[in-house]
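Let chain R serve as the given structure and place chain P on it in line with the hints.
There are 2 protein chains.
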Amino acid sequence: MPEGINLAKDTAVSLSGYFFEDLSIGMEESFSKRVTFREIEGFAEISGDNNPIHLDEEFAATTMFGGRIAHGFLSASFISTVIGTKLPGPGSIYMSQSLRFLAPVRIGDMVTASARIISLNAEKYRAVLACTCTVDGEAVIDGEALVKIPSRTA
Amino acid sequence: MPEGINLAKDTAVSLSGYFFEDLSIGMEESFSKRVTFREIEGFAEISGDNNPIHLDEEFAATTMFGGRIAHGFLSASFISTVIGTKLPGPGSIYMSQSLRFLAPVRIGDMVTASARIISLNAEKYRAVLACTCTVDGEAVIDGEALVKIPSRTA
Chain R
1 MPEGINLAKD
11 TAVSLSGYFF
21 EDLSIGMEES
31 FSKRVTFREI
41 EGFAEISGDN
51 NPIHLDEEFA
61 ATTMFGGRIA
71 HGFLSASFIS
81 TVIGTKLPGP
91 GSIYMSQSLR
101 FLAPVRIGDM
111 VTASARIISL
121 NAEKYRAVLA
131 CTCTVDGEAV
141 IDGEALVKIP
151 SRTA
Chain P
155 MPEGINLAKD
165 TAVSLSGYFF
175 EDLSIGMEES
185 FSKRVTFREI
195 EGFAEISGDN
205 NPIHLDEEFA
215 ATTMFGGRIA
225 HGFLSASFIS
235 TVIGTKLPGP
245 GSIYMSQSLR
255 FLAPVRIGDM
265 VTASARIISL
275 NAEKYRAVLA
285 CTCTVDGEAV
295 IDGEALVKIP
305 SRTA
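Here the protein sequences come in this chain order: R and P.
So the first sequence is numbered by our numbering: it starts at 1 and just counts up by one.
So the second sequence is numbered by our numbering: it starts at 155 and just counts up by one.
In isolation and in its complexed conformation, chain R is listed as follows:
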């Protein structure tokens, strides 16, 4: 396994996100990904969360959910993807995130994570973003992110 991947050379990944001065309230970005058993199995291995509600169909069928569901943090990580790669993107510092888990995500669901700027602090170069994850238009997670953003002048 390589000790480092030089994304700058190999892919179109941006190395710099927004500067604080280029942000305005209402700006929004999103990221969508389908949650298959492959993602759930991988997330269980990486996180160590092998709760059978995610992995064991026989057990999960006996619960209130009636079958396996994705880890809440798996879908929530898509919010982090929006923050870290799109808005504000690379260079910003993730300070905090709140999450409310509103409804389960099931295997095969397409999850869309969105983040929208709702507040800007020009003295501290910080932004608050309202965050949601939806499946078929229904909110499954919501919360807020606080991010510090590089300034052109500071």
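The set of hints was computed from the structure by calculation and includes no laboratory data.
No experiment lies behind these values; they were computed from the predicted model shown.
Among the clues, some could well be false.
[Stated by the list, open to error] Each computed EDC-like pair below joins lysine to aspartate or glutamate, with the alpha-carbon atoms no more than 20 Å apart:
#1 R:Lys86 - R:Glu21
#2 R:Lys33 - R:Asp109
#3 R:Lys33 - P:Asp263
#4 R:Lys33 - R:Asp136
#5 R:Lys86 - P:Glu195
#6 R:Lys86 - R:Glu41
#7 P:Lys187 - R:Glu41
#8 P:Lys302 - P:Glu182
#9 R:Lys124 - R:Glu21
#10 R:Lys148 - R:Asp22
#11 P:Lys302 - R:Asp142
#12 R:Lys124 - R:Asp22
#13 P:Lys187 - P:Asp263
#14 R:Lys124 - R:Glu144
#15 P:Lys187 - P:Glu277
#16 R:Lys148 - R:Glu21
#17 P:Lys302 - P:Asp263
#18 R:Lys148 - R:Glu28
#19 P:Lys187 - R:Glu45
#20 R:Lys86 - P:Glu199
#21 R:Lys33 - R:Glu138
#22 R:Lys86 - R:Glu45
#23 R:Lys148 - P:Asp296
#24 R:Lys33 - P:Glu182
Using the frame of chain R, we list chain P on its own:
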């Protein structure tokens, strides 16, 4: 890839966590895992967060962190592992989680996630847990989890 893993037969994973009546304030559990580049690469693939601060050593060396750091949500997912597998464990419903990212986690760091019950609501069968992730005793993440727990009587 199997469509389901029958953990009940294959492993020692518990299928049931605590009942609400068995919880008390001060109870605490933890989970430790070393974050290697394997976890970071896997998390990037699953979440879609390919921010070069996590993957591109050449870029990361030019930032305030001086090198690659783990995704905040990767370490935070270990909190979810404590909640979902230990305290309260399987059967509980994860309602919300707050996270403050206090310090970076670097490749090779051993992260210990802990959750401690700080409040119990006997009318709604809910618990609040104070959560931390530490590296070498230093807090890198903190926050609170709100969880609904099965009751023996309800």
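Hint-by-hint comparison with the structure:
Proximity of Lys86 of chain R to Glu21 of chain R is assessed by CA-CA distance (about 16 Å); at most 20 Å being required, the pair is judged to hold. The suggested pairing of Lys33 of chain R with Asp109 of chain R holds, with an alpha-carbon distance near 8 Å, which does not exceed 20 Å. About 29 Å separates the Cα atoms of Lys33 of chain R and Asp263 of chain P, which puts this hinted pair outside 20 Å; it is violated. At roughly 12 Å between alpha-carbon atoms, Lys33 of chain R and Asp136 of chain R fall within 20 Å of each other, so this suggested pair holds.
Taken as a hint, the Lys86 of chain R and Glu195 of chain P pair is honoured in the structure, with Cα atoms around 19 Å apart against an allowance of 20 Å. Taken as a hint, the Lys86 of chain R and Glu41 of chain R pair is broken in the structure, with Cα atoms around 26 Å apart against an allowance of 20 Å. For a cut-off of 20 Å, the pair hint linking Lys187 of chain P to Glu41 of chain R stands: about 17 Å separates their Cα positions. Pair hint Lys302 of chain P plus Glu182 of chain P holds up; C-alpha atoms about 16 Å apart against a cutoff of 20 Å.
Proximity of Lys124 of chain R to Glu21 of chain R is assessed by CA-CA distance (about 12 Å); at most 20 Å being required, the pair is judged to hold. For the hint pairing Lys148 of chain R with Asp22 of chain R, the CA-to-CA distance comes to about 13 Å; that is within 20 Å, so the pair holds. Taken as a hint, the Lys302 of chain P and Asp142 of chain R pair is honoured in the structure, with Cα atoms around 18 Å apart against an allowance of 20 Å. Proposed proximity of Lys124 of chain R and Asp22 of chain R is supported: the alpha carbons are some 15 Å apart, at most 20 Å.
With a CA separation close to 8 Å, the supplied pair Lys187 of chain P and Asp263 of chain P stays within the 20 Å bound. For the hint linking Lys124 of chain R to Glu144 of chain R, the alpha-carbon distance of about 18 Å falls within 20 Å, and the restraint holds. Distance check on the hinted pair: Lys187 of chain P and Glu277 of chain P sit about 35 Å apart at the alpha-carbon level, beyond 20 Å; violated. At roughly 12 Å between alpha-carbon atoms, Lys148 of chain R and Glu21 of chain R fall within 20 Å of each other, so this suggested pair holds.
A hinted pair counts as satisfied when its Cα atoms are at most 20 Å apart, and Lys302 of chain P with Asp263 of chain P does not qualify at roughly 32 Å. The straight-line distance between the Cα atoms of Lys148 of chain R and Glu28 of chain R is roughly 17 Å, inside the 20 Å bound, and the hint therefore holds. Between the alpha carbons of Lys187 of chain P and Glu45 of chain R the distance comes to roughly 11 Å, so the proposed pair stays at or under 20 Å and holds. Distance restraint check for Lys86 of chain R and Glu199 of chain P: the Cα-Cα separation of roughly 16 Å lies within the 20 Å cut-off, and the hinted pair is therefore satisfied.
With a CA separation close to 15 Å, the supplied pair Lys33 of chain R and Glu138 of chain R stays within the 20 Å bound. Between the alpha carbons of Lys86 of chain R and Glu45 of chain R the distance comes to roughly 27 Å, so the proposed pair goes past 20 Å and is violated. Pair hint Lys148 of chain R plus Asp296 of chain P holds up; C-alpha atoms about 18 Å apart against a cutoff of 20 Å. Restraint check for Lys33 of chain R and Glu182 of chain P: not satisfied, since their Cα atoms lie roughly 35 Å apart, outside the 20 Å limit.
In summary, the numbered hints that this structure violates are 3, 6, 15, 17, 22, 24.
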